[in-house]
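Okay, here's what each chain looks like letter by letter:
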Amino acid sequence: MRILIAEDDLASRKYLYKIMSAYGECDLTVNGLEVVEAFLTAWDLGHPYDLICLDIMMPRVDGIKALQAIRDLERQKKVKDEARAKVIMITALNDKETVFNSFETGCEAFAAKPVDTAKLLEVMRELGLKV
Amino acid sequence: MSDDAYREPMLEMFIFESVQLIEQLEEEVLNNEKETGFSVESINKIFRIMHTIKSSSAMMLFKNISTLAHSAEDLFFFIREEKPAEFNHSRLTDIILSCIDYIKTELDEIQNGKREDSDATELINAVRVFLEELKGSTQAPKKEAPKQTEPQKFYIAAEKQPIAGAKSYQAIIFFEADCEMENVRAFTIVHHLQELASDIVYVPEDIIANAESAQVIQRDGFTIHFNSASSIEEIRSFFGQTAFLARLDLQEIPLAQIPAQAELADNVKMPEHLTKKPVKSESGSHLASFISVNVDKLDKLMDIVGELVIAEAMVTQNPELEGLPLSNYHKAARQLKKITSELQNIVMSTRMVSLAPTFRKMNRIVRDASKALAKEVELEIVGEETEVDKNIIENISDPLMHLIRNSVDHGIESPAERQDQGKPAAGKITLEAKNAGREVWIIVKDDGKGLDRAKILKKAWENGLTNKQEHELTDKEIYSYIFLPGFSTKDQVTELSGRGVGMDVVTKNIEKIGGSIQVDSTPGEGTVISIRIPLTLAIIDGMTIKVGHSRYTIPTTAIRESFRAKPGDVIIDTEGNEMTIIRGVCYPVLRLYDIYKINQAITDMYAGITIMVENNGKGFCIFADELLGQQQVVVKALPSYIKKVRGLAGCTLLGDGNISLILDVDGFMNAYL
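Chains as they are written, first to last, in this note's numbering: chain C, 2 to 132; chain R, 156 to 828.
The shape of chain C in the complex, shown without the other chains (with noise of 0.2 Å):
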């Protein structure tokens, strides 16, 4: 399984990479502009990823337009929706408007920081990830 963690602050990154690297080979990105630009980099070399874990509060690009970049370039490409990234937003940010309007850009699950690492584990199951 291929995994892709964007997340600005350090130490939750390391956090994210220590539990998603049991699963998977893990690429790390700080901000929601290479995020777009590892999806595409995945594309152009034939493995896409299959879970993307994003930040919502990131430097340049924040994490709801970085998902909405992503699912519009998997729209251009006519990915099927069984076939498109798990994306699950893992954000301190808990109110209801951002929940909603990240459901409503396209993300699988939300997880409000802290991190609930076995509820967290059973979404991915949940959505049919190897774990």
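It should be emphasised that the hints constitute simulated quantities derived from the structure, not laboratory data.
Keep in mind it's a predicted model, so treat the numbers as computed, not measured.
Treat each hint with caution, since some may be false.
Think about it this way: if two alpha-carbon atoms lie no more than 30 Å apart in a straight line, the pair counts; the simulated DSBU-like pairs of lysine-lysine are [unchecked claim]:
1. R:K455 x C:K120
2. R:K238 x C:K97
3. R:K259 x C:K114
Calculated from the model, a selection of chain C residues having no Cβ within reach of chain R, i.e. all distances over 10 Å [said to hold, decoys possible]:
4. R3
5. R14
6. A23
7. P49
8. K78
9. V80
10. A84
11. L128
Derived, one-sided and incomplete: chain R residues facing chain C with beta-carbon distance under 7 Å [stated by the list, open to error]:
12. R162
13. P164
14. M165
15. M168
16. E172
17. F309
18. Y310
19. I311
20. P512
For each residue, glycine too, the CB sits at the ideal point set by N, CA and C.
Put chain R on the given structure of chain C with help from the hints.
Showing chain R alone in chain C's frame:
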């Protein structure tokens, strides 16, 4: 965790929505039972509600609720699609109600901070078994429930609650003019700040990459937004350690207003194709017209308005102003009075809640009770839109439940008995609420057999509640014995309304909110129980009277009239009790100075004033020196060092600084008559 604790907005919303849905569902189910059989629309509605609950609880990862709702959804899907002609409606109702109960308890526990799922397997199995039976009895080709079309979303709640009391701060830092390397210094600050703060956002953002940012910092300062649990003093001392610090602007900003970095520093332009489709925000379209407010705040607001009412009286009725020609002052004072009373009305209205949810709950009580007792009972609700203070709602629910259960159990007869008497087989209970002046009346009426006067009297004698003979007591007095502790006319104890330990609890609860309860009954035709509750307890309309140097306040609602007795009006009976006759009815006269041992009061019955008060249909007269005037008073509890004085409800502060004792007419009557 208690109710006022911080909860994540998503969790909050889930609980709020689900509770509402469940209430709707319960109402729908109960309505259907009344109409014997589920209509197509309500099957649809129940299906939709179950579907919503299933999805939202799955999103919040409450598996037990979602699995249960899923199985119920399947069941109703089957009923909707296959339309089985014959099935047991009552059993379906039972099953769905037990599902509702389970989800309700779960929601309660989630609300109280519980995170683990409890086991719902038994219920789920019950639903499945019922569904299988239905499937077995239907010959029609089976359609499977469609695969979920919309993808399931998940919300993972934070592992632990974020630090309580986290505050947002904004700090703008200016360095001394010649310190140099401002950008590196700024970065060091941010780096160290991470130890006591989170969600740090700063401008300019490219402090390391861009050397020119040093000039920006030098010119505009270095702005940091962050969340921290530390106090503003701690934050200030943290920044104080910075080398070359010239000036620090530190302030607290409302929580969750920290802008995303990209928005804060709008000099960063997004690539064209990314900005084309802005994220649609739903929040603009349905603006919230309601906000939820912590009840503590409303209580506090009420307290403050109370203080304001007292302060207003102290200013406008200040004894130092007496006799001064102050026409403009009085104009201004009247204006102030008007505004204060408007304010008071508005604050009171914010606390008003409709009785509808409380009343609707009773549908369920009637259903369960009548089912358990094999009686047919119909509940009619009148005036459920009536509003009362929130405190009252909390205290009224249990007593009402009790009264209704009692009516079903003791009041309504069995269908056979009713038909023998020429009544319709189904009994009827009416639950009514209405406003009457500054009071709310709640009336529970049944058309059952009525109270048994002789039996109540016999029980009252047996239990030593009275030793009066039958002809000495009015019907109402006899009926009111059912509210005394340890009274039950039912010979056999039933599991439902028990042995009558409840009725005195009902009275206690009602009295706690300043209300009173009355019962009236006609044998063979039914019983009427009326509860009268004052709209608010905090501020009452009172008549202040003077006795010697003391002041007393009588609630205006209790006063019927006042008069100066003329010689010959007052008679003395054989036991030395004073009486007066008003329009042919004899009322006892009580001298306040005598009861509360006040010196220097007027003792001549014909020089003072006599006030007739009435409570629960019983009247008596109070003798005092003079009436001082009617005003709104704020009820304060008597200080704890004064032991409970009989007949007093509390005290209040008058405009001239005197303390007035508020008479509790009901308690007064019980104590001294």
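How the hints compare with the structure:
no. : hint            : verdict
1   : R:K455 x C:K120 : violated (40 Å)
2   : R:K238 x C:K97  : violated (39 Å)
3   : R:K259 x C:K114 : holds (28 Å)
4   : R3              : holds (21 Å)
5   : R14             : holds (13 Å)
6   : A23             : holds (18 Å)
7   : P49             : holds (18 Å)
8   : K78             : holds (14 Å)
9   : V80             : holds (14 Å)
10  : A84             : holds (13 Å)
11  : L128            : violated (8 Å)
12  : R162            : violated (10 Å)
13  : P164            : holds (5 Å)
14  : M165            : holds (5 Å)
15  : M168            : holds (6 Å)
16  : E172            : violated (11 Å)
17  : F309            : holds (4 Å)
18  : Y310            : holds (5 Å)
19  : I311            : holds (4 Å)
20  : P512            : violated (24 Å)
Consistency with the previously given hints fails for numbers 1, 2, 11, 12, 16 and 20, ordered from lowest to highest.
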